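Chains as they are written, first to last, in my numbering: chain A, 146 to 391; chain B, 9 to 125.
Don't take each hint at face value.
These stretches of chain A come out as covered by chain B in the derived footprint (C-beta under 8 Å, 3 or more residues) [stated by the list, open to error]: (1) 198–210; (2) 328–338.
Restraint-style ranges between C-beta atoms, simulated for each label pair [unchecked claim]: (3) B:Ile36 <-> A:Ser198: 16 to 24 Å; (4) B:Ser45 <-> A:Tyr211: 48 to 56 Å; (5) B:Gln62 <-> A:Lys300: 48 to 56 Å; (6) A:Leu378 <-> B:Arg110: 19 to 27 Å; (7) B:Thr51 <-> A:Gln266: 39 to 47 Å; (8) A:Leu346 <-> B:Asn107: 31 to 39 Å; (9) A:Trp199 <-> B:Ile36: 31 to 39 Å.
Bear in mind the hints are in silico, worked out from the structure with no lab data behind them. Just so we're clear, the structure is a prediction, and the values are computed from it rather than from any experiment. Positions of the beta carbon are idealized from the N, C-alpha and C atoms, including for glycine.
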Amino acid sequence: MLITSLVMSLNQLLPVAILLVLLQVLDKQYTRKVLLALIIGTVMSFLYMQSASWVSQWFDHQGLEYSQIGLCIIIFFAALVFAIKQKAVAFCIAIISAMTLYLSHYIIYLTSFWQNSEVGQSLFIGTFLGIGICLSFSILLYFLMTSIKYRFGVKPLLILLALNSAAKLLVALDLASQVDLIANTATVWDLRDLLTENSELGRVLRALIGYEATPNLLSVLTYSISSALFLFLCSFIPTSLTKERV
Amino acid sequence: MTKRLFNQFICCLLFLSFNAASKEYLIILKDHLFYPSQIIIPTNQKVKLLIENQDSTPEEFDSFDLNREKVLYPNRKSIIYIGPLSKGRYDFFGEFSPNTARGVVIATDKGDQNVDN
């Protein structure tokens with residue numbers, strides 16, 4: 146249970162933490178706004194978690210996937226708008242949507258096993274360790290990305306944000322294929338022998354840039370096109386604004 | 009090569025919302041175990057997994073091999089489509105109880121058997 150709790154914490158918290166760090170480094174928001182987004186995100190996660198069991202029965206047991214696809218698309222566009230316009234509203238929408246998507250799973254896990262006295266201690270220690278690792282990773286990533294930004298400008302950061310946001314569309318594609326909304330295409334490559342998704346590095350890369358060991362053709366095309374489109378649209382940022390941010 | 013990729017991409021888009029009847033397989037989750045734990049399906053065919061969680065706690069169906077992830081609520085049914093798959097083994101597990109809730113989908117040319125282990 147300890148290892149499961151640790152892995153669950155990393156799986157569900159890391160994507161939110163990475164997105165928060167990337168957006169914060171791109172254009173630092175006031176602490177008050179960040180806290181507000183985190184509080185609303187937590188509340189939304191609880192509300193989503195409460196209604197998830199009911200929503201899951203909609204549209205022939207596919208309601209949950211439809212709502213999650215919507216959240217993934219919202220995260221992509223909110224991150225894009227934030228990268229272009231640096232609007233605080235876009236920042237809040239991206240963070241709240243990401244928290245609702247990922248944290249609700251985590252809350253379901255915690256609330257399901259918390260009452261069980263036999264596993265309570267392992268659950269607590271695993272969660273505590275997971276949050277600690279996630280926090281350490283986020284702080285390191287924050288300082289790394291900040292130094293990269295000051296040394297090489299905003300472009301490397303935008304590339305990472307574009308890949309991270311495009312990864313959310315991959316999640317949406319997997320969900321759409323899960324409910325038979327789109328057809329599965331042939332697997333383009335199989336890297337399971339080289340790096341599996343459930344290895345430590347695989348999990349970090351999955352949270353960071355949406356690494357998939359066995360992607361299908363549609364996923365590869367969507368990932369490439371959406372990240373290229375993200376960067377293309379970001380290139381329209383006025384030069385003065387870019388200089389100001391660096 | 010580019011033309012083939014383009015054709016495949018167009019086919020994907022055309023397939024949108026055309027739900028052809030898929031073969032259905034029932035999986036039951038009970039006491040944090042999947043029954044059957046081994047599902048044999050035909051290759052190159054899309055199939056529908058109907059998963060019924062009979063436990064009192066939720067579980068998350070997860071598979072890195074199949075790129076699938078879904079929360080299974082207690083005493084509820086969930087549907088997951090998988091495939092078409094090429095010949096091989098595709099592991100799945102319950103993320104909340106990964107030590108016990110484990111299973112495998114085996115895609116073979118002579119599919120359509122379920123084996124309880």
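Status of each hint after checking the structure:
no.: 1; hint: 198–210; result: holds (count 8)
no.: 2; hint: 328–338; result: holds (count 6)
no.: 3; hint: B:Ile36 <-> A:Ser198: 16 to 24 Å; result: 18 Å, holds
no.: 4; hint: B:Ser45 <-> A:Tyr211: 48 to 56 Å; result: 30 Å, violated
no.: 5; hint: B:Gln62 <-> A:Lys300: 48 to 56 Å; result: 53 Å, holds
no.: 6; hint: A:Leu378 <-> B:Arg110: 19 to 27 Å; result: 44 Å, violated
no.: 7; hint: B:Thr51 <-> A:Gln266: 39 to 47 Å; result: 46 Å, holds
no.: 8; hint: A:Leu346 <-> B:Asn107: 31 to 39 Å; result: 23 Å, violated
no.: 9; hint: A:Trp199 <-> B:Ile36: 31 to 39 Å; result: 22 Å, violated
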